[in-house]
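Asks: Each chain, letter by letter, is given below.
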Amino acid sequence: MAEARNIHEIVAADGSRRTFPQPQKSVPTAVGNYDPLSPPSDGLEGEKMVLNVGPSHPATHGVLRIVLELDGEIITRARPEVGYLHRGDEKIAENFTYTQFIPYTDRLDYLAPLANNVAYALAVEKLLGIDRQLPPRCQFIRVVCCELARISSHLLGVGCYAMDVGAMTVFLHTFTEREKIYNLCESLTGARFTTAYTRIGGLSRDLPPGWTEQCRKFLNEVVVNIDETETFLTRNRIFVDRTQGVGVIPKDVAIDYGLTGPNLRGSGVEHDLRKAHPYLVYDQLKFDVPVGAAGDCYDRYLVRMEEMRQSVRIVHQCLDQLPGGPINVPDGKIVLPPKDRVLTRMEELIHHFINVTQGVNAPPGEIYFGHENPKGELGFYINSKGGGTPHRLKIRSPSFVNLSILSWLLPGHMLSDVVAVLGSFDFVMGECDR
Amino acid sequence: MNPLELAQQLRAKFPGLIADPVEFRSEITLKVADAERMPEICAFAKKELGFDYLVDITSVDNYGDDPRFLIVYHLYGYGHLCHLRLKTDVSEEKGDLPTVTAVWRTADWHEREIYDMMGLRFRGHPDLRRILMWEGYPHFPLRKDFPLAGKPTDVPEVAFTDAAPLAGGPFVTIAGGKDTISREPRVRIPDTDALETNARLERRHDIKEAHGHSHGPGPIEPKH
Numbered sequence: 027m028a029e030a031r032n033i034h035e036i037v038a039a040d041g042s043r044r045t046f047p048q049p050q051k052s053v054p055t056a057v058g059n060y061d062p063l064s065p066p067s068d069g070l071e072g073e074k075m076v077l078n079v080g081p082s083h084p085a086t087h088g089v090l091r092i093v094l095e096l097d098g099e100i101i102t103r104a105r106p107e108v109g110y111l112h113r114g115d116e117k118i119a120e121n122f123t124y125t126q127f128i129p130y131t132d133r134l135d136y137l138a139p140l141a142n143n144v145a146y147a148l149a150v151e152k153l154l155g156i157d158r159q160l161p162p163r164c165q166f167i168r169v170v171c172c173e174l175a176r177i178s179s180h181l182l183g184v185g186c187y188a189m190d191v192g193a194m195t196v197f198l199h200t201f202t203e204r205e206k207i208y209n210l211c212e213s214l215t216g217a218r219f220t221t222a223y224t225r226i227g228g229l230s231r232d233l234p235p236g237w238t239e240q241c242r243k244f245l246n247e248v249v250v251n252i253d254e255t256e257t258f259l260t261r262n263r264i265f266v267d268r269t270q271g272v273g274v275i276p277k278d279v280a281i282d283y284g285l286t287g288p289n290l291r292g293s294g295v296e297h298d299l300r301k302a303h304p305y306l307v308y309d310q311l312k313f314d315v316p317v318g319a320a321g322d323c324y325d326r327y328l329v330r331m332e333e334m335r336q337s338v339r340i341v342h343q344c345l346d347q348l349p350g351g352p353i354n355v356p357d358g359k360i361v362l363p364p365k366d367r368v369l370t371r372m373e374e375l376i377h378h379f380i381n382v383t384q385g386v387n388a389p390p391g392e393i394y395f396g397h398e399n400p401k402g403e404l405g406f407y408i409n410s411k412g413g414g415t416p417h418r419l420k421i422r423s424p425s426f427v428n429l430s431i432l433s434w435l436l437p438g439h440m441l442s443d444v445v446a447v448l449g450s451f452d453f454v455m456g457e458c459d460r
Numbered sequence: 535m536n537p538l539e540l541a542q543q544l545r546a547k548f549p550g551l552i553a554d555p556v557e558f559r560s561e562i563t564l565k566v567a568d569a570e571r572m573p574e575i576c577a578f579a580k581k582e583l584g585f586d587y588l589v590d591i592t593s594v595d596n597y598g599d600d601p602r603f604l605i606v607y608h609l610y611g612y613g614h615l616c617h618l619r620l621k622t623d624v625s626e627e628k629g630d631l632p633t634v635t636a637v638w639r640t641a642d643w644h645e646r647e648i649y650d651m652m653g654l655r656f657r658g659h660p661d662l663r664r665i666l667m668w669e670g671y672p673h674f675p676l677r678k679d680f681p682l683a684g685k686p687t688d689v690p691e692v693a694f695t696d697a698a699p700l701a702g703g704p705f706v707t708i709a710g711g712k713d714t715i716s717r718e719p720r721v722r723i724p725d726t727d728a729l730e731t732n733a734r735l736e737r738r739h740d741i742k743e744a745h746g747h748s749h750g751p752g753p754i755e756p757k758h
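Residue numbers (my numbering), protein chains in the order written: chain A, 27 to 460; chain B, 535 to 758.
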């Protein structure tokens, strides 16, 4: 039997042995001890250099720019710069009717437009006071939309993350499944990407014939894909080494920085708006909320994987229980009446005209509605003075808030960990910059 | 524990400073009379009442009112799962209020955004810079007197903007005009949007003249 041999040992020709110098693992233990509220360091001392990451860089998932101050390979200071995709959505909202703004919500988190549509519609419906009067069929279809959006967003999040840390195959693998979701979106809404599916008080159209069967087929395929993706990553030595113990966010810091969604749950806070403040029919559905323990990049990845499985579970339940009936609130002052009646009846014609030209007549008041989006809590604060347009519409976007922790989190990490941390946050700049 | 009880506890702690709770769509809103006391109130809400999560801070421009600006804080507690909204006024002349970054660190970017979009300064903020617009941009775009089309801006070697071609939009009818042109103006002029509609329609001629001197695109005359 061969003698057990130390692989780091070198055996010379004369039989003498020496140990090959071991590389020191250089991941620093002090992570996140940097205080962004401290005054900026005046000038750079010694060996420090400034490195500009982004705004156009594959790892920044869009147009995030981070100005890093480096001491060798260790980050000593990080300054995220956002705003490169600022389009003034909130200003636009003030000048549009509530319905006209729906297509703009597609462009917030453009990886999960259906979820944004639902979130915005629910916010306006809360202002109108009809969020509890939606027809059951509408509510179930909206839940299906939200969860498909979540699967789609997480598939991309995980795929891109794996690619960022060096595993190309995963990206191609998950994108194959996302393509099927786009096909479902296309047959459901008419568009693959910019869905604009919801309307105030309902939906733009009902499910097309055969859609539920297609959706079930997809669900059965995606669970296989999720399992396969896990075999690529979850016990992959390289992936684990690059993500475990990197980007650790303790629970209290996560709350202090207002993190939401998988990033918050990865740090061990068991909070999901679908459970804490159930909207639509989430209180009738069975699903679990996965939480992490360590709060590192690996845990955030695991939370996303499990959330996809739970979403599949939710969609199955919705398709099983999907009731018949109307998809819109039966109120011509809120939802456009059917076209055949508009063309033949006076009252419907008036409703149609007022709805299109002036919008839904909302009462004065202010509401905030937070929706559990794939990226976190997407909130809409609407301040109305009455009439068809909001006086002020504030979009509380999860990516914007999640990114604000970077200046605390990155210092102390190696430069190569930046991509690992950024990928684990799964942010979208369209939503961050609005 | 419900939001109303928490709101009453907060009011009891700061007598005379916080108005009666207003409930709308089962959300509780408290109006704070003095913006200077906000950090104190927020610190108490966080430490004693368990509002450990600051959801959002935002601002509203009530153009034409005095005080002009409204700052809105959305608080939430993971312990009791209750929302609470705090509001406070800031006048245009004053234009500043103390920061709450010492209470919640997430307030940092929210306050920067308010400064960037509405031009309100937060005293004591560690890094009050523009966040969505670029450094050196001279306007505050979410103010009601800033036109939707934008203003031409030139910051050499940084960036530039021009007024956006709106192609006639936005198409939102304003009720009460005497003809279609009044109800659906081709270009909406922000100085007047916040004013009463009918008064605005009567002054159309004056507005046109004033608009000729501004930076925005001129009104498009309907073709006959």
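Check each hint, because a few of them may be wrong.
Think about it this way: if two alpha-carbon atoms lie no more than 25 Å apart in a straight line, the pair counts; the simulated SDA-like pairs of lysine to any residue are [to be verified]:
no., chain 1, residue 1, chain 2, residue 2
1, A, 411, B, 601
2, A, 277, B, 565
3, A, 152, B, 712
4, A, 277, B, 621
5, B, 565, A, 301
6, B, 712, A, 379
7, A, 301, B, 601
According to the in silico footprint, chain B covers these stretches of chain A (three or more CB under 8 Å from chain B) [stated by the list, open to error]:
no., region
8, 108-117
9, 179-188
10, 397-408
Covered stretches of chain B (in silico footprint by chain A; criterion: 3 or more residues with CB under 8 Å from a CB of chain A, positions within the stretch not fixed) [claimed, not checked]:
no., region
11, 538-545
12, 661-667
In case anyone wonders, no lab produced these hints; they're calculated from the structure.
Heads up, the beta-carbon is just placed ideally off N, CA and C, and yes, glycines get one too.
Asks: Starting from residue 411/A, check that the Cα of residue 601/B is at most 25 Å away, please.
Replies: Holds, at about 17 Å.
Asks: Can you confirm whether the C-alpha distance between residue 712/B and residue 379/A stays at or below 25 Å?
Replies: Cα-Cα ~17 Å, so holds.
Asks: With a C-beta cutoff of 8 Å, work out whether three or more residues of the region 661-667 of chain B approach chain A closely enough for the coverage to hold.
Replies: holds (count 5)
Asks: Quick check: the region 538-545 of chain B, covered by chain A? Criterion 3+ residues, Cβ under 8 Å.
Replies: violated (count 0)
Asks: Do the alpha carbons of residue 565/B and residue 301/A lie within 25 Å of each other, as the hint requires?
Replies: violated, 30 Å
Asks: Tell me whether the statement that chain B covers the region 108-117 of chain A is true, taking a Cβ distance below 8 Å and needing three residues at minimum.
Replies: Result for this restraint: holds, n = 6.
Asks: So if I understand the rule, the pair passes when the alpha-carbon distance is 25 Å or less; does residue 277/A with residue 565/B pass?
Replies: Given that 25 Å is the threshold and the Cα spacing comes to 31 Å, the pair is violated.
Asks: Examine the region 179-188 of chain A: at least three residues should have C-beta closer than 8 Å to a C-beta of chain B.
Replies: violated (count 0)
Asks: Are the Cα atoms of residue 152/A and residue 712/B separated by 25 Å or less?
Replies: This hinted pair is violated, its Cα atoms lying about 34 Å apart.
Asks: Mind checking the alpha carbons of residue 277/A and residue 621/B for me, to see if they're no more than 25 Å apart?
Replies: Violated. Residue 277/A to residue 621/B sits at ~28 Å, over the 25 Å cutoff.
Asks: Mind checking, does the region 397-408 of chain A have 3 or more residues with a CB under 8 Å from chain B?
Replies: holds (count 3)
Asks: Take a quick look at whether residue 301/A and residue 601/B sit within 25 Å of each other, Cα to Cα.
Replies: Since the Cα atoms of residue 301/A and residue 601/B sit roughly 39 Å apart, the hinted pair is violated (cutoff 25 Å).
The structure is inconsistent with the numbered hints 2, 3, 4, 5, 7, 9 and 11, although it conforms to all the rest.
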